[in-house]
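J.: In case you want the letters, here they are:
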Amino acid sequence: GAVVSQHPSWVICKSGTSVKIECRSLDFQATTMFWYRQFPKQSLMLMATSNEGSKATYEQGVEKDKFLINHASLTLSTLTVTSAHPEDSSFYICSAMRAGGQETQYFGPGTRLLVL
Amino acid sequence: GIQVEQSPPDLILQEGANSTLRCNFSDSVNNLQWFHQNPWGQLINLFYIPSGTKQNGRLSATTVATERYSLLYISSSQTTDSGVYFCAVGLAGTASKLTFGTGTRLQVTL
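Heads up: the protein sequence lines correspond to chains W and C, in order. Start counting the first sequence at 19; every next residue gets the next number (our numbering). Start counting the second sequence at 37; every next residue gets the next number (our numbering).
One or more hints might be untrue.
Some chain W residues well away from chain C (every beta-carbon gap over 10 angstroms; in silico) [what the hints assert, rightly or not]:
hint	residue
1	Thr67
2	Gln123
3	Leu132
Cross-link-like lysine-lysine pairs, in silico, DSS-like; alpha carbons within 30 angstroms at most [said to hold, decoys possible]:
hint	chain 1	residue 1	chain 2	residue 2
4	C	Lys133	W	Lys82
5	W	Lys32	W	Lys59
6	W	Lys38	W	Lys82
7	W	Lys84	W	Lys59
8	W	Lys73	W	Lys84
9	W	Lys82	W	Lys59
10	W	Lys73	W	Lys38
11	C	Lys90	W	Lys38
12	W	Lys84	W	Lys38
13	W	Lys59	W	Lys38
14	W	Lys59	C	Lys90
15	C	Lys133	C	Lys90
16	W	Lys32	W	Lys73
17	C	Lys133	W	Lys84
18	C	Lys133	W	Lys59
19	W	Lys32	W	Lys84
20	W	Lys32	W	Lys82
21	W	Lys73	C	Lys90
Derived from the structure by calculation, the hints contain no laboratory data. The model shown is predicted, which means the values in this text are computed figures rather than measured ones. All C-beta atoms, glycine included, are put in the ideal place defined by N, C-alpha and C.
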């Protein structure tokens, strides 16, 4: 159990367009999901915490109007990169915590975004 | 914020060798996890280990919370162990928010 999926797995878009990434917990309910960004050969950096039914909490330096997060159900969170630019090109990874479980995060396979 | 340093940054092993990876953190934590990121980017949970010792097959981990470090042991390494190993910690009160370490990049050769 504890499988997390992401869609799409990779996306190429033109500068100025918006891209939506979905994160789903397939076999458990997740009251909390997290979004990370990872640049090549670097560590993961937490962008925001997504709580079902409430507004996301963003880390310092992350623009909430640039990276829109919606967590409308216990199994789905979405990240929309608005007006994407080449510097937004990165590997975006989500994770989910099982409701009522210990503090273990289960990670999705990631989404590679390339903005031309 | 909390600092999480891992050593060594890079490691090359021959298949069958053993290794120890270290994670040092700068503050008291309530959450510590080890992950393996495979070459395709998928993070795989290895251990949830805020304190004590756990073993799972060829892998084991020990966290000494009072001294602010954790160790990951890999025995009889295999080529499939290649990838990046991360430790990640969470602070008391915000234990679910993880700060990732700098990572150890492991390559296991034949």
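J.: Against chain C, does Gln123 of chain W hold up as non-interface, every C-beta pair farther apart than 10 angstroms?
T.: violated, 6 angstroms
J.: So if I understand the rule, the pair passes when the alpha-carbon distance is 30 angstroms or less; does Lys73 of chain W with Lys38 of chain W pass?
T.: Cα-Cα ~17 angstroms, so holds.
J.: Tell me if the straight-line CA distance from Lys84 of chain W to Lys59 of chain W falls inside 30 angstroms.
T.: holds, 24 angstroms
J.: Given the hint that Lys84 of chain W pairs with Lys38 of chain W, test it: the Cα-Cα distance must not exceed 30 angstroms.
T.: holds, 12 angstroms
J.: Does Lys59 of chain W sit within 30 angstroms of Lys82 of chain W, going by the straight-line distance between their CA atoms?
T.: holds, 25 angstroms
J.: Keeping to a limit of 30 angstroms between CA atoms, is the pair of Lys32 of chain W and Lys59 of chain W held or broken?
T.: OK: Lys32 of chain W and Lys59 of chain W at ~24 angstroms, within 30 angstroms.
J.: Does the claim that Leu132 of chain W lies off the interface hold, with its Cβ farther than 10 angstroms from every Cβ of chain C?
T.: holds, 14 angstroms
J.: Just to be careful, I want the Cα atoms of Lys59 of chain W and Lys90 of chain C compared with a cutoff of 30 angstroms; is the pair within it?
T.: Between Lys59 of chain W and Lys90 of chain C the Cα gap is close to 29 angstroms, so the pair holds against 30 angstroms.
J.: Just to be careful, I want the Cα atoms of Lys90 of chain C and Lys38 of chain W compared with a cutoff of 30 angstroms; is the pair within it?
T.: The given pair, whose Cα atoms are some 39 angstroms apart, is violated under the 30 angstroms limit.
J.: Are the Cα atoms of Lys32 of chain W and Lys82 of chain W separated by 30 angstroms or less?
T.: holds, 21 angstroms
J.: Quickly compare the C-alpha distance for Lys38 of chain W and Lys82 of chain W to 30 angstroms and report which way the hint goes.
T.: Satisfied, since the Cα-Cα distance of roughly 14 angstroms is no more than 30 angstroms.
J.: For the pair we were handed, Lys73 of chain W and Lys84 of chain W, check the Cα-Cα distance against 30 angstroms.
T.: holds, 15 angstroms
The structure does not agree with the numbered hints 1, 2, 11 and 21 stated previously, though it agrees with the rest.
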